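Protein chains: 2
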Amino acid sequence: MQRYFYNEMLANEQFVLPKDIYKHAITVMRMRVGDKFELVTPDKQVQLMEVTAVDKQQSRAKVIETFSHQTELPVVTTIACGLSKGDKAELIVQKGTELGADRFIFFKGDFSVAKWDDKKQAKKIARLEKIALAAAEQSHRTTIPTISYCNSLKELKLATDESGIVAYEEAAKQGEKANLVKVIEQLTAHQAPHLTAVFGPEGGLSTNEIEILMQEGFIQAGLGPRIMRAETAPLYLLATLSYALELVK
Amino acid sequence: MQRYFYNEMLANEQFVLPKDIYKHAITVMRMRVGDKFELVTPDKQVQLMEVTAVDKQQSRAKVIETFSHQTELPVVTTIACGLSKGDKAELIVQKGTELGADRFIFFKGDFSVAKWDDKKQAKKIARLEKIALAAAEQSHRTTIPTISYCNSLKELKLATDESGIVAYEEAAKQGEKANLVKVIEQLTAHQAPHLTAVFGPEGGLSTNEIEILMQEGFIQAGLGPRIMRAETAPLYLLATLSYALELVK
Numbered sequence: 001m002q003r004y005f006y007n008e009m010l011a012n013e014q015f016v017l018p019k020d021i022y023k024h025a026i027t028v029m030r031m032r033v034g035d036k037f038e039l040v041t042p043d044k045q046v047q048l049m050e051v052t053a054v055d056k057q058q059s060r061a062k063v064i065e066t067f068s069h070q071t072e073l074p075v076v077t078t079i080a081c082g083l084s085k086g087d088k089a090e091l092i093v094q095k096g097t098e099l100g101a102d103r104f105i106f107f108k109g110d111f112s113v114a115k116w117d118d119k120k121q122a123k124k125i126a127r128l129e130k131i132a133l134a135a136a137e138q139s140h141r142t143t144i145p146t147i148s149y150c151n152s153l154k155e156l157k158l159a160t161d162e163s164g165i166v167a168y169e170e171a172a173k174q175g176e177k178a179n180l181v182k183v184i185e186q187l188t189a190h191q192a193p194h195l196t197a198v199f200g201p202e203g204g205l206s207t208n209e210i211e212i213l214m215q216e217g218f219i220q221a222g223l224g225p226r227i228m229r230a231e232t233a234p235l236y237l238l239a240t241l242s243y244a245l246e247l248v249k
Numbered sequence: 001m002q003r004y005f006y007n008e009m010l011a012n013e014q015f016v017l018p019k020d021i022y023k024h025a026i027t028v029m030r031m032r033v034g035d036k037f038e039l040v041t042p043d044k045q046v047q048l049m050e051v052t053a054v055d056k057q058q059s060r061a062k063v064i065e066t067f068s069h070q071t072e073l074p075v076v077t078t079i080a081c082g083l084s085k086g087d088k089a090e091l092i093v094q095k096g097t098e099l100g101a102d103r104f105i106f107f108k109g110d111f112s113v114a115k116w117d118d119k120k121q122a123k124k125i126a127r128l129e130k131i132a133l134a135a136a137e138q139s140h141r142t143t144i145p146t147i148s149y150c151n152s153l154k155e156l157k158l159a160t161d162e163s164g165i166v167a168y169e170e171a172a173k174q175g176e177k178a179n180l181v182k183v184i185e186q187l188t189a190h191q192a193p194h195l196t197a198v199f200g201p202e203g204g205l206s207t208n209e210i211e212i213l214m215q216e217g218f219i220q221a222g223l224g225p226r227i228m229r230a231e232t233a234p235l236y237l238l239a240t241l242s243y244a245l246e247l248v249k
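The listed protein sequences derive, respectively, from chains A and B.
Everything in the first sequence is counted per full-length UniProt numbering, starting at 1 for the first residue and increasing by one.
Everything in the second sequence is counted per full-length UniProt numbering, starting at 1 for the first residue and increasing by one.
Everything labelled a hint here was simulated from the structure, so no lab data went into it.
The structure displayed is predicted, hence computed values, not measured ones.
Don't take every hint at face value.
Because identical chains cannot be distinguished in the list, a pair is counted as satisfied if it fits within a single copy or across any two copies.
Mimicking EDC-like on lysine to aspartate or glutamate, the simulated pairs with C-alpha atoms at most 16 Å apart in a straight line are [as the list claims (entries may be wrong)]:
id : residue 1 : residue 2
1  : 249       : 176
2  : 44        : 65
3  : 119       : 50
4  : 123       : 185
5  : 19        : 87
6  : 249       : 185
7  : 173       : 38
8  : 124       : 170
9  : 62        : 129
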């Protein structure tokens, strides 16, 4: 079933499709009277909607049923990634959204080749927000992940009670494999667990960056014995969170 | 450290770089006398090599040290995917190799829009083999995954003692979440576990295909509550295998 996000609560049962939803549902998907779609409102409820009228300018739908369906990871997860070249950020946001991330932060790492200047930043973020929205709709989530940028990893702060890990190649090479399991166990002990996970850019993190993160309370964690590309490691982490907290638990 | 695969055992300590390795190591990476790289031989041993001579036609290296480093998933894993449009097969092979898969099989599913005719097949497979090789080198594996194509899912057979799962969207929607955990537990009980995991193309698997797989002994498994794209689900599975069998165990 096609799903859309709507950023207001529904005032009454008759819903006039806003332009972007009209364009996709009526023009692209060719929905007609009687067809159904889902609408996620800011309260994270899902409304099953039925199209009641279609004309060239406008379309209306009504609420058939309201339900909530838990499709969010039980841990609020921030993925912070060093900037890499090319469209790696897009892949991280698209796949990371499907895998349940809540927040993406991109930062200029010591070894980042790419950078986003002020002008580029707004454009990049807007593009990534679109990708996150489409992926959230497609994967049937009830939350759209947010995207932000920071100039330095020093701005990454852990909230009280928030867990933090950093995927560090050197830790993986030395065979470190206990810390991810430990952190995930800690998460299960919390009522409303939060996790921030930091990943280097293509060139990795500098020892200086690792030190800054460790002072902030981040724990180095190995993600298995293979060396993953910068954009693969966050997906590994998110899949393991789902497995450990949604399937095993 | 740069890693290359070599498909023969080293006859003596002096190694003449074959053309493809020469091209990458000497021409692209600009290695010179004294520089080191790793060479994986068919016995899955890693040789630490030092360049001893470089000229315009040829280069030689010698073995400094031989070691084995376990970077392979403890379960031999086959990823069978329905053909999807675009370059999704490339993404599956690249990321799936980083995540430890041993074999990729692409098949024409009932709902596949794309297909590989005989002519296309050889070209596609050759391209995917190159991607698998590069990803295996980059992720420091000792095995290069194989790529094959089959015309129908009916050709997918489970070996004696091999476990089989099929990721089925309908199972996930119905909240099925016990089977993946069960299958992974079974794998840990085997001395040399093998798993084949089947994933539909973009349009999913047909009920007929699910029936064929279940008759062959495949078990339907949900991979969490979010609907993943065709190319994301195999990555989820491989990451959970690594987590459960390499980190938790």
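Verification of the hints:
1. 249 / 176: Between. Shortest inter-copy distance 13 Å satisfies the 16 Å Cα cut-off; intra-copy 24 Å does not.
2. 44 / 65: within (14 Å within a copy, 58 Å between copies)
3. 119 / 50: neither (42 Å within a copy, 46 Å between copies)
4. 123 / 185: neither (39 Å within a copy, 46 Å between copies)
5. 19 / 87: The answer is neither: 29 Å in one copy and 31 Å across copies each exceed 16 Å.
6. 249 / 185: both (10 Å within a copy, 14 Å between copies)
7. 173 / 38: between (46 Å within a copy, 15 Å between copies)
8. 124 / 170: neither (31 Å within a copy, 35 Å between copies)
9. 62 / 129: neither (28 Å within a copy, 51 Å between copies)
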